[in-house]
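Asks: Residues per chain are reported as follows:
Number of protein chains: 2
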Amino acid sequence: MPCSSPSLSNETIKSHHAFFAQLIGCAYCLSETRDIEKYCQEPRDKFHGRTWLVLRPANTQEISQIMTYAYDHDLSIVPQGGNTGLVGGQIPDQTGGQILLSCERLSEIRSIDPNSNVVIVEAGVVLEQLQKAAEAVQRFFPLSLGAQGSCQIGGNLSTNAGGTGVLAYGNMRDLALGLEVVLPDGRIWNGLRSLRKDNTGYDLKHLFIGAEGTLGIITAASLKLYPAPVSQQVAFAGVDSPHHALDLFNLAQSHAGSILTGFELIPRLGMEFVFKHLDGARDPLSNPHAWYCLLELSANSPALDSGALIEAILTEAFEIGLVEDAALAQNHQQGQDFWRLRHGMSEVQKGEGGSIKHDISVPVSQIPAFLERAIPACIDAIPGCRPVPFGHMGDGNLHFNITQPVNADKAKFLAHWEEINEMVHAIVSEMGGSISAEHGIGTLKRDLLPGVKDPIELQLMRQIKDLLDPKGLMNPNKVLSSDRLV
Amino acid sequence: MPCSSPSLSNETIKSHHAFFAQLIGCAYCLSETRDIEKYCQEPRDKFHGRTWLVLRPANTQEISQIMTYAYDHDLSIVPQGGNTGLVGGQIPDQTGGQILLSCERLSEIRSIDPNSNVVIVEAGVVLEQLQKAAEAVQRFFPLSLGAQGSCQIGGNLSTNAGGTGVLAYGNMRDLALGLEVVLPDGRIWNGLRSLRKDNTGYDLKHLFIGAEGTLGIITAASLKLYPAPVSQQVAFAGVDSPHHALDLFNLAQSHAGSILTGFELIPRLGMEFVFKHLDGARDPLSNPHAWYCLLELSANSPALDSGALIEAILTEAFEIGLVEDAALAQNHQQGQDFWRLRHGMSEVQKGEGGSIKHDISVPVSQIPAFLERAIPACIDAIPGCRPVPFGHMGDGNLHFNITQPVNADKAKFLAHWEEINEMVHAIVSEMGGSISAEHGIGTLKRDLLPGVKDPIELQLMRQIKDLLDPKGLMNPNKVLSSDRLV
Chain A
1 MPCSSPSLSN
11 ETIKSHHAFF
21 AQLIGCAYCL
31 SETRDIEKYC
41 QEPRDKFHGR
51 TWLVLRPANT
61 QEISQIMTYA
71 YDHDLSIVPQ
81 GGNTGLVGGQ
91 IPDQTGGQIL
101 LSCERLSEIR
111 SIDPNSNVVI
121 VEAGVVLEQL
131 QKAAEAVQRF
141 FPLSLGAQGS
151 CQIGGNLSTN
161 AGGTGVLAYG
171 NMRDLALGLE
181 VVLPDGRIWN
191 GLRSLRKDNT
201 GYDLKHLFIG
211 AEGTLGIITA
221 ASLKLYPAPV
231 SQQVAFAGVD
241 SPHHALDLFN
251 LAQSHAGSIL
261 TGFELIPRLG
271 MEFVFKHLDG
281 ARDPLSNPHA
291 WYCLLELSAN
301 SPALDSGALI
311 EAILTEAFEI
321 GLVEDAALAQ
331 NHQQGQDFWR
341 LRHGMSEVQK
351 GEGGSIKHDI
361 SVPVSQIPAF
371 LERAIPACID
381 AIPGCRPVPF
391 GHMGDGNLHF
401 NITQPVNADK
411 AKFLAHWEEI
421 NEMVHAIVSE
431 MGGSISAEHG
441 IGTLKRDLLP
451 GVKDPIELQL
461 MRQIKDLLDP
471 KGLMNPNKVL
481 SSDRLV
Chain B
1 MPCSSPSLSN
11 ETIKSHHAFF
21 AQLIGCAYCL
31 SETRDIEKYC
41 QEPRDKFHGR
51 TWLVLRPANT
61 QEISQIMTYA
71 YDHDLSIVPQ
81 GGNTGLVGGQ
91 IPDQTGGQIL
101 LSCERLSEIR
111 SIDPNSNVVI
121 VEAGVVLEQL
131 QKAAEAVQRF
141 FPLSLGAQGS
151 CQIGGNLSTN
161 AGGTGVLAYG
171 NMRDLALGLE
181 VVLPDGRIWN
191 GLRSLRKDNT
201 GYDLKHLFIG
211 AEGTLGIITA
221 ASLKLYPAPV
231 SQQVAFAGVD
241 SPHHALDLFN
251 LAQSHAGSIL
261 TGFELIPRLG
271 MEFVFKHLDG
281 ARDPLSNPHA
291 WYCLLELSAN
301 SPALDSGALI
311 EAILTEAFEI
321 GLVEDAALAQ
331 NHQQGQDFWR
341 LRHGMSEVQK
351 GEGGSIKHDI
361 SVPVSQIPAF
371 LERAIPACID
381 AIPGCRPVPF
391 GHMGDGNLHF
401 NITQPVNADK
411 AKFLAHWEEI
421 NEMVHAIVSE
431 MGGSISAEHG
441 IGTLKRDLLP
451 GVKDPIELQL
461 MRQIKDLLDP
471 KGLMNPNKVL
481 SSDRLV
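Protein sequence lines, in the order shown, are assigned to chains A and B. Residue numbering for the first sequence follows the UniProt record's numbering, starting at 1 and increasing by one per position. Residue numbering for the second sequence follows the UniProt record's numbering, starting at 1 and increasing by one per position.
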């Protein structure tokens with residue numbers, strides 16, 4: 001049964017539906033509940049929306065025609081990629097009146113040029129598919145994250161995705177050379193350049209990257225490729241404090257420079273959760289340590305002895321007392337096993353009950369100070385709660401998650417979500433940090449933004465939104481509130 | 001004698017002058033010809049302007065007050081850094097009515113944090129001063145270009161400067177973490193974040209970077225630092241064609257990855273100019289070659305044997321017939337000498353008469369095809385002219401300069417400037433390239449932009465200019481024409 005929209009009459013709905021069916025084909029205009037359900041909720045089951053229509057256009061031209069029509073008829077559009085976003089940016093609201101536009105059928109890799117290290121992909125290409133296409137031409141696409149088997153490039157760009165490759169290769173923004181975008185009024189901006197250098201005016205692509213679909217729909221992108229690394233070294237080190245973890249990071253980076261491709265931080269409690277809930281997980285070290293660092297080096301040539309380099313780093317770290325113990329992966333599989341401990345961190349927390357989450361960043365050198373303030377503050381606020389801060393230390397980015405006290409009531413604990421968020425975000429703000437390092441704003445953090453953002457910056461964001469989307473039809477109420485009084 | 005402005009009465013000028021003198025001090029409001037001359041022309045002597053007032057404010061607050069007053073009184077402002085720009089962006093027009101605002105007194109390094117690899121600098125800091133400040137804390141600031149002894153960070157950001165470090169570290173845009181900007185109406189946007197990851201809304205800094213002062217004045221920036229390389233290898237290789245140069249680049253990059261920090265292309269004719277006009281320049285190779293490549297590797301640790309790596313690259317290049325001959329710098333001085341041959345390329349062309357210049361980029365793999373089309377086209381158009389295309393091959397960026405025929409009349413040759421530009425830029429555009437890879441648009445290329453840019457992109461640029469600078473007072477007529485009919 002189709003979902004109805006409160007703001008549209010049945011006649012109007014029929015007429016719109018007929019237009020879209022004629023435009024992109026009836027089979028690609030979904031309105032039956034069983035067909036649209038999966039677009040209206042996301043895997044973490046936190047955000048649920050309603051819609052009267054899911055459109056699955058085949059190409060940029062169709063999207064342009066959809067947007068022109070939507071603009072002329074004041075129809076709101078929510079773009080969606082692989083539907084893996086964590087802040088609700090891709091989910092329509094509860095009114096049922098917003099149209100969901102899925103980019104999943106724009107799934108072509110338009111061209112790949114290993115000699116220029118450039119690939120042009122459409123928005124609906126799945127990240128893993130792009131990684132494999134790069135491998136097939138002896139190249140490497142460095143964006144890497146948990147959802148890579150289902151997230152799509154359009155969403156990766158719209159949310160400026162991060163993940164584990166940021167330390168050496170940057171965020172998704174840094175991997176983009178050019179974009180093709182359909183604007184809210186249907187105009188197509190072809191900015192699909194494949195140039196490393198281009199100083200011919202304002203760099204507009206950065207407006208759309210990270211805008212979470214509120215300024216237009218990214219339909220294709222020209223992206224950087226890299227030479228494929230031929231050898232990797234992965235080490236797992238036990239340290240006694242975040243201070244020593246920071247010192248180890250700086251030591252490793254000063255030795256390895258851009259060859260240091262990963263530096264992650266894990267607390268002991270996180271490791272205990274992993275051993276308990278992740279099948280086959282084993283401690284690489286013989287004794288427990290307060291904190292753990294995962295280091296990864298990647299080299300492009302057999303002439304670069306990354307094994308000697310990581311041994312030099314760890315030896316110096318031992319000598320100056322930074323590291324208590326360390327294990328070096330002896331082969332590829334063992335390196336994967338070390339990474340699996342880190343990648344399992346999100347999942348295993350579910351086995352311990354409710355978790356209040358943050359995705360924060362501070363200047364890298366402030367990580368220890370942040371932890372020294374935020375951990376005790378949480379424990380003071382909810383005695384017995386169990387902070388499990390882990391993540392991309394080399395980027396200054398931690399997933400500062402708090403697991404409920406043992407045997408506590410999950411709902412009662414989660415009722416503290418906003419109170420704990422507010423407290424942690426206040427510390428982050430005082431330290432010049434970000435309340436959303438890599439997940440974005442969506443609806444989850446939209447109302448927090450005015451509290452942490454420079455008012456002039458918010459004014460500028462609002463001005464740009466009004467300029468590009470004067471009717472407020474593009475992914476309404478995401479990032480910026482549609483209610484001007486807020 | 002002060003320069004007069006046609007649009008302002010003497011009374012008005014006096015009143016404005018009095019306001020500014022009271023605000024920033026009389027000594028910092030220059031209106032005598034002998035004081036303002038140096039701000040109205042630039043070292044290449046191509047652009048000359050006039051102004052009735054040069055303002056030298058001391059800080060962001062003063063700039064904000066100047067801009068507020070200018071906005072209220074409809075006064076045009078031309079911001080200027082080290083005055084080394086090559087496209088006239090920093091020079092006032094001929095009317096004498098525009099006020100020049102120099103950022104040179106904002107010359108403080110506000111903070112430097114080697115543990116976070118972040119430095120916060122004001123707009124007037126000279127690039128070389130920043131490089132030295134980084135060195136003093138065992139860090140490296142990678143932007144490197146000919147004018148580094150006088151160009152300033154504000155200008156580097158406003159023009160998204162390139163140079164020789166782009167291959168491994170990116171353009172100036174890629175080095176910026178945050179900005180402080182005074183908007184055309186005097187509002188101060190404090191976006192001075194020092195975070196590696198921050199997904200809290202639109203990334204506004206990229207609007208101002210590369211906007212050549214047309215959207216506001218960048219007053220300070222938070223910039224990335226890197227661990228300092230401890231060893232460098234520089235090699236000079238002779239190859240028979242741009243095709244082999246491209247293959248050598250790809251070979252080197254596939255071996256060295258991000259350790260390959262420089263890859264430059266020089267034609268034989270350029271080398272001959274260097275030997276003739278650059279004191280003490282010597283050919284590193286015993287026989288002449290049609291083309292030369294300069295390769296640089298930089299390693300952070302003694303544990304990485306960059307010497308073995310460059311030898312592996314060159315050996316393989318010999319074996320597969322890419323390289324005819326190569327010399328490896330035996331010490332730091334010799335490496336510097338190799339680089340001096342490359343850095344001398346701009347200067348030595350002056351010794352051969354007039355030169356018609358281009359600063360183009362194409363996708364890296366298209367460099368050979370571009371040269372195969374553009375060189376014969378120029379020689380067809382002006383028989384005897386001498387193309388000297390050189391530059392940052394690894395970035396797909398060439399300074400495609402054409403030296404006049406031997407003994408030709410310089411003025412007569414230079415009269416072909418626009419005709420040759422048009423022809424070369426047409427080839428560039430067909431290949432998806434850029435007519436200004438690193439120098440920007442300014443006034444020099446402003447009127448070329450509509451011919452090469454996607455019309456939607458130009459519309460968007462115009463919309464953003466109107467949004468942020470509704471009165472058109474910020475660096476008028478640069479990048480975009482002030483005349484709406486053009």
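Since the hints were made in silico from the structure, they are not lab data. It is possible that part of the hints are untrue.
Pairs count within a copy or across copies, as identical chains cannot be separated in the list.
To be verified - Listed below are the simulated SDA-like cross-link pairs for lysine to any residue, each with C-alpha atoms no more than 20 Å apart in a straight line:
1) Lys224 x His289
2) Lys471 x Ser286
3) Lys471 x Ala312
4) Lys471 x His343
5) Lys38 x Pro405
6) Lys453 x Leu192
7) Lys224 x Asp174
8) Lys276 x Gln129
9) Lys410 x Asp454
10) Lys471 x Ser31
Asks: Does each hint fit the structure? Answer for all of them.
Replies: Going down the list of hints, with the structure as the test:
1. In the homo-oligomer, the alpha carbons of Lys224 and His289 never lie at most 20 Å apart, since the shortest distance is 39 Å inside one protomer and 32 Å across protomers.
2. In this assembly of identical chains, the alpha carbons of Lys471 and Ser286 never lie at most 20 Å apart, being 61 Å within a copy and 69 Å across copies at closest.
3. For the identical chains of this complex, Lys471 and Ala312 are neighbours neither inside a copy (59 Å) nor across copies (60 Å), given an alpha-carbon limit of 20 Å.
4. With identical chains, the CA atoms of Lys471 and His343 are never at most 20 Å apart, being 42 Å at best within one copy and 52 Å at best between copies.
5. Taking CA atoms no more than 20 Å apart as the test, Lys38 paired with Pro405 passes in neither setting, with 33 Å inside one copy and 69 Å between copies.
6. In this assembly of identical chains, Lys453 and Leu192 lie within 20 Å of each other by CA distance solely across copies; the values are 12 Å between and 32 Å within a copy.
7. In this assembly of identical chains, the alpha carbons of Lys224 and Asp174 lie at most 20 Å apart whether taken from the same copy (9 Å) or from different copies (14 Å).
8. Taking CA atoms no more than 20 Å apart as the test, Lys276 paired with Gln129 passes in neither setting, with 33 Å inside one copy and 54 Å between copies.
9. With identical chains, the CA atoms of Lys410 and Asp454 are never at most 20 Å apart, being 35 Å at best within one copy and 55 Å at best between copies.
10. In the homo-oligomer, the alpha carbons of Lys471 and Ser31 never lie at most 20 Å apart, since the shortest distance is 25 Å inside one protomer and 48 Å across protomers.
Violated hints for the displayed structure, listed by number in ascending order: 1, 2, 3, 4, 5, 8, 9 and 10.
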